[in-house]
Amino acid sequence: MENVFYHGTYEDSYNEIVEKGVILNSIQEADETSIINDVLNSYSYSNVRNGAVFLTDNEKEAECYECNIKIDINNLNTNLLYVADNDITNNILNAYFSKNKKKMNYFIRKYLRSLIPFDKYKDIEKEYNSIHPHREYLYFNSINLVDL
Numbered sequence: 026m027e028n029v030f031y032h033g034t035y036e037d038s039y040n041e042i043v044e045k046g047v048i049l050n051s052i053q054e055a056d057e058t059s060i061i062n063d064v065l066n067s068y069s070y071s072n073v074r075n076g077a078v079f080l081t082d083n084e085k086e087a088e089c090y091e092c093n094i095k096i097d098i099n100n101l102n103t104n105l106l107y108v109a110d111n112d113i114t115n116n117i118l119n120a121y122f123s124k125n126k127k128k129m130n131y132f133i134r135k136y137l138r139s140l141i142p143f144d145k146y147k148d149i150e151k152e153y154n155s156i157h158p159h160r161e162y163l164y165f166n167s168i169n170l171v172d173l
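So for the sequence shown, my numbering puts the first residue at 26; every next one is plus one.
Don't read these hints as lab results, they were simulated from the structure.
Possibly wrong hints are sitting among the right ones.
To be verified - Derived pair list, reagent style DSS-like, types lysine-lysine, alpha-carbon separation capped at 30 Å:
1. Lys147 - Lys95
2. Lys135 - Lys151
3. Lys85 - Lys145
4. Lys85 - Lys147
5. Lys45 - Lys95
6. Lys128 - Lys95
With the sequences and hints as input, model every part of the structure.
Below, the structure written as structure tokens:
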């Protein structure tokens, strides 16, 4: 793994991030993100993804956004960093919109099993990546641009 993450965002948010010098972990979520978070929270009784800055290690995946911010992993507190299977979030969303509660519960459990601390992920990276090829990294703090 390269020691770089990308945070994809849209131009309005990007300009605000640059102006403030920080990627806030309390920013307004996209509608889809809010739905996924609400579904996960209703099942797990905790704020599983709330307050996370979402990152990717795949520059190509980040290109779907208007703007990308490159982040050096070495500047992050890895105790606040988690990894999960990003494909499963799409499955949760699809099950939600199709009102298939059985599938939704299945994918919620699967997502929660995929969510692990980054330090644990580093120990099993090759195996984890073979099972979960599209990962999301959740950083539970704001990211100062001056640290980058």
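Taking the hints in turn, this is what the structure says about them:
1. Lys147 - Lys95: holds (20 Å)
2. Lys135 - Lys151: Holds. Lys135 to Lys151 sits at ~19 Å (cutoff 30 Å).
3. Lys85 - Lys145: holds (25 Å)
4. Lys85 - Lys147: Satisfied, since the Cα-Cα distance of roughly 22 Å is no more than 30 Å.
5. Lys45 - Lys95: Judged against 30 Å, a Cα distance of about 16 Å means the pair holds.
6. Lys128 - Lys95: Roughly 35 Å between the alpha carbons, so the hint for Lys128 and Lys95 is violated.
Checked against the numbered hints above, the structure breaks only hint 6 and satisfies the rest.
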